[in-house]
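K.L.:
Now for the letters of each chain:
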Amino acid sequence: MSLVRAERRRFFKRRLTRWVFPIGLLLLVTIASILFAFHSKPTAEARAKGEAAAEAMYQEQVGHYEQYKSQCGEKCPDDGWAGPQRSDFRAEDFMPPSFDFKAMYGELFLVWAAIMAMIAFLLGASFVGAEWASGSMMNLLTWQPKRMKVLGTKLGVMLLSVTALSILALGVWTGILWAAGELRGTTEGLTPGVWQSFGLTALRGMGMILAFAALGFGLASIGRHTGLALGAALAVVIVGQVGLSILFQMVRVPFWEQYLVPVHIFAWMSKEVKLTDFSSPETVCDNAGNCNPPELLITWQDSGSIALGLVVVVLLLAFWQMRRRDIS
Amino acid sequence: MTAVLEIQGLRKTYRARGGPRRALDGFEMYVEAGQVHGFLGPNGSGKTTTLRTLLGLIKPDSGEMRILGHELPRHLPSVVGQVGAIVESPQFFAHFTARDTLSLLADAGGLPKERVDWALELVGLRERAKERVKTYSLGMKQRLAVASALLKQPKLLILDEPANGLDPGGIREMRDMMATLSAGGMTVVLSSHILGEIQLICDSVTIISLGRRVAAGPVAEVLQAHSSGQVKVALETPADLSAAAQVLIAAGFQLQANADHLTLSGVDKPALIARLLAERQLYVSELTPVTADLESVFLELTGTAPVPGQVRSVDQSVRPELTPQNGVGA
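If you read the protein sequences in the order shown, they are chains A and B. Numbering that gives the first Met the number 0 numbers the first residue of the first sequence as 0 and each following residue consecutively. Numbering that gives the first Met the number 0 numbers the first residue of the second sequence as 0 and each following residue consecutively.
Incorrect hints may have been included.
Stated by the list, open to error - Some chain B residues judged to face chain A by a derived CB distance under 7 Å, without partners named:
id: 1; residue: Gly-55
id: 2; residue: Leu-56
id: 3; residue: Ile-57
id: 4; residue: Pro-76
id: 5; residue: Val-79
id: 6; residue: Asp-106
id: 7; residue: Gly-108
Said to hold, decoys possible - Derived SDA-like pairs (lysine to any residue); straight-line CA-CA distance at most 20 Å:
id: 8; chain 1: A; residue 1: Lys-12; chain 2: B; residue 2: Arg-98
id: 9; chain 1: B; residue 1: Lys-154; chain 2: A; residue 2: Leu-140
id: 10; chain 1: B; residue 1: Lys-133; chain 2: A; residue 2: Trp-18
id: 11; chain 1: B; residue 1: Lys-112; chain 2: A; residue 2: Gln-143
None of these hints come from the bench; they were simulated from the model. Quantities reported herein were computed from a predicted structural model and do not represent experimental measurements. For each residue, glycine too, the CB sits at the ideal point set by N, CA and C.
Chain B with its partners taken away, still in its complex shape:
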C-alpha cells in the first residue's frame, strides 16, 4: 500500500528555562492510505509537536517528512489543500456563528460555499449553524473543529483529541464518521487518550514516548507482540489459592495473587499449570489466557502505569533506545 504520511528521524529540541528539552528524538511514523491510524502517547511525549511540525507550524531541527509523497515543509503549500487538521482544541471567535467561522475558512481556502453546509451536516451542527460559537458546549465546539478540518474534503485528516468533550452518543457518531470517511478512501490520523476508542476504530497505531516511537503497526499485531502471556487461574476451592501460589512460585512462575484467582505471567504452556496443581490435589476451575488491551500495552510500553503511593511526573515515561525498529540510530 502507498504511504500517505512518512516521518523519518524527526528531531525537535525546545529551548527551555531548565535547559534544552528534546520533544522529538529521531521519531518515525508511517501511515498507509485509507487507514484509520491511532497516534498515542502520554502527555508531553511529542504528539502535538509531531502534528504541528507536519503542518508547518513548528520547524524541525532535522528529519524527513512526506505527505502524499510531497516533501515537507518545502512542498506543504501545494499539499495543504489535501490535508484537513485540528491540532489540540482549536478556539474560534466566540461572537461568530458556526456558519461564519466555516465560511471564512472556506473563503481563505478558495472553497465553494456549499462545502460549509455539507460539513455542518456531517458533524450534526446544521440546525445550530446560525448560533454564535460562545453559546456552544465543548462537544459542539469540537464538532465545529472537526467540521473545519473536513471542509477541504481532504485525503489526509489529522485529528488531535477529536472526542474531547463529546458525550457518549457523540463519541459513537465520531467513530461511525471515521469509519465512513475511511471507507470512502480518506486516511485518518487520530490522536487520542481514549484508548478503548482507538482500539475499536483504528487499523494501525503508533505509540510515542519521550519523542521516540515505542511501537507501531496494525493494532492486532501490536497487541499480540506485547501480550505478556498472562493466564488467569482459578481453583475449585478458593481457600487453596495460597497453596497453589506456593507450588507455582516454586516451579518458577511469576504471579500475582488476587482475591479469587491468580494471574501468571510469561506462561508458554498453560497445560503445565493444570498438571502441576493436579499433582498436589489442587484442581483448576478456570485457566484462561488474559488478552492484552491497548490500554495495558500503552501503559507498559510508555511506563506510565500508576503505582500506588507514587506521583508520576508528566515527563516521567519510558525513553526507548533508538533501534532500526523504532527510529534511526543517533
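Pulled out of the complex, with its shape left as it was, chain A reads as follows:
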C-alpha cells in the first residue's frame, strides 16, 4: 500500500498532470459552452416566426414547381414526384437551434472520450517515460527491487488516476450539457432505457480512454522514454493513417477505411460503422432486386477486440522487458 500511496502522490504532483488535465478540461468546458451559447429555448414568438418562414418557403417552392410544370407541359418527365409537400417544411428548421439533451448527449460522448484519450495517452506515457529518462525508476528500484510489482503498481495507479480524472471531466461535461438542455432546449424523454444507453456509451468511452492510457504507458516503458510513445503515436497518425489511406485509395484496396483508427473509434463509440465500397465494380442485390455497392459492417465488438489485443501485446512486451533487461 505504501508504494500505491507514493505512486498516487507522484502522479498528481507531476507538472504534466497539473497542466494537461486542466487544459483538457478547459477545452471540454469551452466546447460545451459554445454548444450552450449557440442554442436557445424555443419561445412562442420564435415558433411563430419559424412557422411563418416555413410557410413562406413552402409557397416559394410550390411557385417554382408550378412554373417548371408550366414550362415543360406534357414533356415533363413522369418521375412520380407530386411537388413540394407542406409537411417537409418544418418550423424547427427555421428556428434558432435548441439543445435536445436526449438526442445530442449520446453523440457528444465521443468528444469527451477523444479529448480524454489524448490526455490519457500523454499522461500514461510520461508517467513511466519520465521516470526512466530521469533515472528515478532506477532510484525507486533500489527501494523496491520487485520489478513486476513496481511496474504493475505504476500501471494500476495510473489507470485508476486517469479513471478518476475522466469521471471528473465527464461530470463537468455532463453538467454543462444538462444546463444547456434545461436552459437552452429540452431534457425531456429521458427514460431509464435512455440513461442505460448513456451509461453503456460512457463505459465504452472510459474503456477507450484507459486503452490509450495503457498504450502510452506500455510504449514508453518499452522504449524507457516518453518520446518513444509519442513517436509511435506520430508514426501511426502520419504513416499509418494519412499515408496508408492515400496508398490504399490509389491501389483500390476494398474497404480501406477499415484500417483507419478513427473508423474504429467511431465504431466503438457508436456501436457500429457501415463502410461502402463505391469503387467496387460489383454490386450486391437483395431479393427485391435492389442492387447496391458491397458494404462492410464494423461493430464495437470488432474494434474492441483489435484494441484489446493491441493493448495486451504492448503491455506484455513492457512487462517482459522490465523483467529481463538490465537497468543502466
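With chain A's structure known, arrange chain B on it following the hints.
P.N.:
What follows is chain B alone, placed relative to chain A:
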C-alpha cells in the same frame, strides 16, 4: 569480524556492437561490518556494474553475492530495507521540492515522515527543503542523493561518487558524516576518484581494474604492500648529482634524476647508498624513504598513470591474472 558484503567470482558480460565486453571477470570483494570501505577503479573498470548488480539492477552471468548474510539477488527484497544506495549521480524530478522527493521515497519504503526531516538535517538541506530541485546546485543535488540513501537508516550505505560537485567544505562535511555514521555502526562502501579523500576516510579498500580485483585490504596494508622501496637522495652539492647517479647506476640501482635530487627504486638498505657515495666523496644531505600514497598505488596497480605524449584509451588499464588473491580461477 562479520562480512556485511561478500562478492565471489562475479561475472558480467555486456553485448556490445564491437563484440562482447567483459565488465566483471571473476570479481571478489569483502567488506567487514562498521568499516568505511573504498571501492576504486579507473573509468570502465566495473565499479558501477558491481554496485548495480548488488542492487539487483543488473543480472550477473555468474557469481555469488551476499549482503548481511542474505544471498543476492534472491533475497534482495528482504534485505533492501537495510541498504541505502546512490549509484552514479541520481537525477530527481526537477519540479519537485527536496522534501517532496524524499517524502515520496519514504512513502515507497513505508518509512515514517520524520525520517525526511532527519535526513535533510543530516546533509544540511533542511533550510532549502521547500525549494524545487531545479534550483539546486550540483553539490546540493548530491547532498539530496545522499539524504535519499540515508533515509532508510541503513546498515550498509553504498555511495557512488558522493563528493561529486561538492565544494571543499562539503567534502569535509561528507568526510565527517562518514566517520560519524561508521562510528554509529553503519558500514559504508564508498566509490570515488578523489583518492586523497579515500585515504583519509577509509579503513579498507578494494581496487578493481577491467573487472578483476587488483588489490584489497586495510589501506595501510595496501600502501605498504605496494610501496616500491623508493628513497629520495639529495647531495650537499647539487652539481654532483650526475656523478652520484653514475655511481649508483653502476652499483645496480634504478633511479630517476630530478633537478635537485635523485629518486631510487627497490632499495632494501638505504645505508648502502650513503656509503657508496661517501667512498667517492659525494656527501648525502638527505636520504628519506618515499612513502607511497593511494593515488600512486592506484595508478601503478591499474596501469593508468599518464605517459607524456601518449593518450590513454578508457579501457586501457591492467587486467590482472586471476589468482586466489584477487579472484577465483577461470
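K.L.:
Taking the hints in turn, state whether each one holds.
P.N.:
Okay, the hints, checked on the actual structure:
no., hint, in the structure
1, Gly-55, "4 Å, holds"
2, Leu-56, "4 Å, holds"
3, Ile-57, "4 Å, holds"
4, Pro-76, "5 Å, holds"
5, Val-79, "5 Å, holds"
6, Asp-106, "4 Å, holds"
7, Gly-108, "5 Å, holds"
8, A:Lys-12 x B:Arg-98, "13 Å, holds"
9, B:Lys-154 x A:Leu-140, "18 Å, holds"
10, B:Lys-133 x A:Trp-18, "18 Å, holds"
11, B:Lys-112 x A:Gln-143, "18 Å, holds"
In the structure shown, no violation is registered for any of the earlier numbered hints.
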